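Q: Read off the chains here:
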Amino acid sequence: MWIKAAFLIVAGLCAGTMVAAGFFAFITAIGVVTTYAQRTKTAGHIKTYENTLAVGAILGNAWWSLGLTFGMGGVGRIFLLVAGLCYGIFVGSLIIALAETIKTVPVFFRRAKITTGLPVVIVAFALGKCIGNLLFYFFGMKV
Amino acid sequence: MEQTVYIKLNKSVCLAGTDVFISDIASVYCVDRHVCNRIKAIKILKTDAGSTSRYVVSVLKVIECILKEFPGAVVESDGEQDVVIEHKDMKGKGKAAEYIKVFLICLITLLGGGLAVMAYNNDVGMADMFTRIYELVYGSENSGSRILEISYSIGLAVGIIVFYGHFGSWKFGKDPTPLEVEMRLYEDDVDTAMIKQSEREKNEIDVD
Chain A
1 MWIKAAFLIV AGLCAGTMVA AGFFAFITAI GVVTTYAQRT KTAGHIKTYE NTLAVGAILG
61 NAWWSLGLTF GMGGVGRIFL LVAGLCYGIF VGSLIIALAE TIKTVPVFFR RAKITTGLPV
121 VIVAFALGKC IGNLLFYFFG MKV
Chain B
1001 MEQTVYIKLN KSVCLAGTDV FISDIASVYC VDRHVCNRIK AIKILKTDAG STSRYVVSVL
1061 KVIECILKEF PGAVVESDGE QDVVIEHKDM KGKGKAAEYI KVFLICLITL LGGGLAVMAY
1121 NNDVGMADMF TRIYELVYGS ENSGSRILEI SYSIGLAVGI IVFYGHFGSW KFGKDPTPLE
1181 VEMRLYEDDV DTAMIKQSER EKNEIDVD
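Listed in order, the protein sequences are those of chains A and B. Residue numbers 1 to 143, in my numbering, belong to the letters of the first sequence in order. Residue numbers 1001 to 1208, in my numbering, belong to the letters of the second sequence in order.
What the hints contain is simulated information worked out from the structure, not anything from laboratory work.
Facing chain B, according to a computed beta carbon distance under 7 Å, are these residues of chain A, among others:
#	residue
1	G12
2	T17
3	T28
4	V33
5	G56
6	G60
7	S65
With a cut-off of at most 30 Å between alpha-carbon atoms, the simulated DSS-like pairs for lysine-lysine come out as follows:
#	chain 1	residue 1	chain 2	residue 2
8	A	K103	B	K1011
9	B	K1008	A	K41
10	B	K1101	A	K41
11	B	K1008	B	K1196
12	B	K1101	A	K129
13	B	K1101	A	K103
14	B	K1088	A	K47
15	B	K1008	B	K1088
16	B	K1088	A	K41
17	B	K1202	A	K103
18	B	K1196	A	K41
19	B	K1174	A	K47
20	A	K41	B	K1040
21	B	K1095	A	K47
22	A	K41	B	K1095
23	B	K1101	B	K1088
24	B	K1196	A	K113
25	B	K1046	B	K1196
26	A	K41	B	K1061
Values in this document were obtained by computation on a predicted structure and should not be read as measured data. Cβ atoms here follow ideal geometry from the backbone N, Cα and C, with glycine treated the same way.
The whole structure should be built from the sequences, with the hints applied where relevant.
A: Now the structure itself:
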């Protein structure tokens, strides 16, 4: 029996390492955190952001895979509020960064021969995502 | 008396003061050290004090300023053709605003990184995968073992730390971390884009 357990340990370790490498290469390449640092003019703190990102991923993963539950009571609500806001900001920037990486907007602009109105397009982009999100959660479009 | 002056323009600089001197935006070499120092002290432009603003200065403008001071000099430019000057007012907002921003970004990256990895696990159906692997290994339904989950979590931590090459202040190797590399690339792109844009909008500080 112990050899099976040993196999599982090795498999889990390797799987985790590879997933982390692939997944974080993705997040780094997509440039969400670098964009945050640039926008807030805090590029000097990039290492701190790296640490928090790493710690967040490690804790989040451990939390998810081990299925730990904390009885947080009233604090839980505040946590959910803050977490939901942060999740939204992060995912919002992630999807835009993804679209930016594969150069959707510039290609569209070039194809349609538009030269102005980029700010409007960006706001429309954000509004569309927001409406889609609301439809998804509050108007029964969840599958 | 003919002097050859070599200048190397930087790509971008960030300055606290309002007066921009040549020594701030370029390195200068000249055989005559006296001339060299005088060139370094030439003022290129005066930035607006209150706001944080950006200026793009062409190398030709720098050469013009030098030639105005030393009409006989020969200027050799070895470096960037344009420099982005960013004026950052250090006074006023101070450190508190910066720490708040850093804290907020830390919070977003902390929770966001956690969510991203959970979303990934969910997306690829990692829980089902684990159940299946337990079945394959034990030949039957898993009876409450947590080995795979624990080792996976540890493995993920190891992977992240190895990938980023450091953890906290402890670090292996002298290489810049992936995010630092990405940051520099991004800043380079931003500078290039700004230079192009100000060329197009014709608000670059140039000779003509």
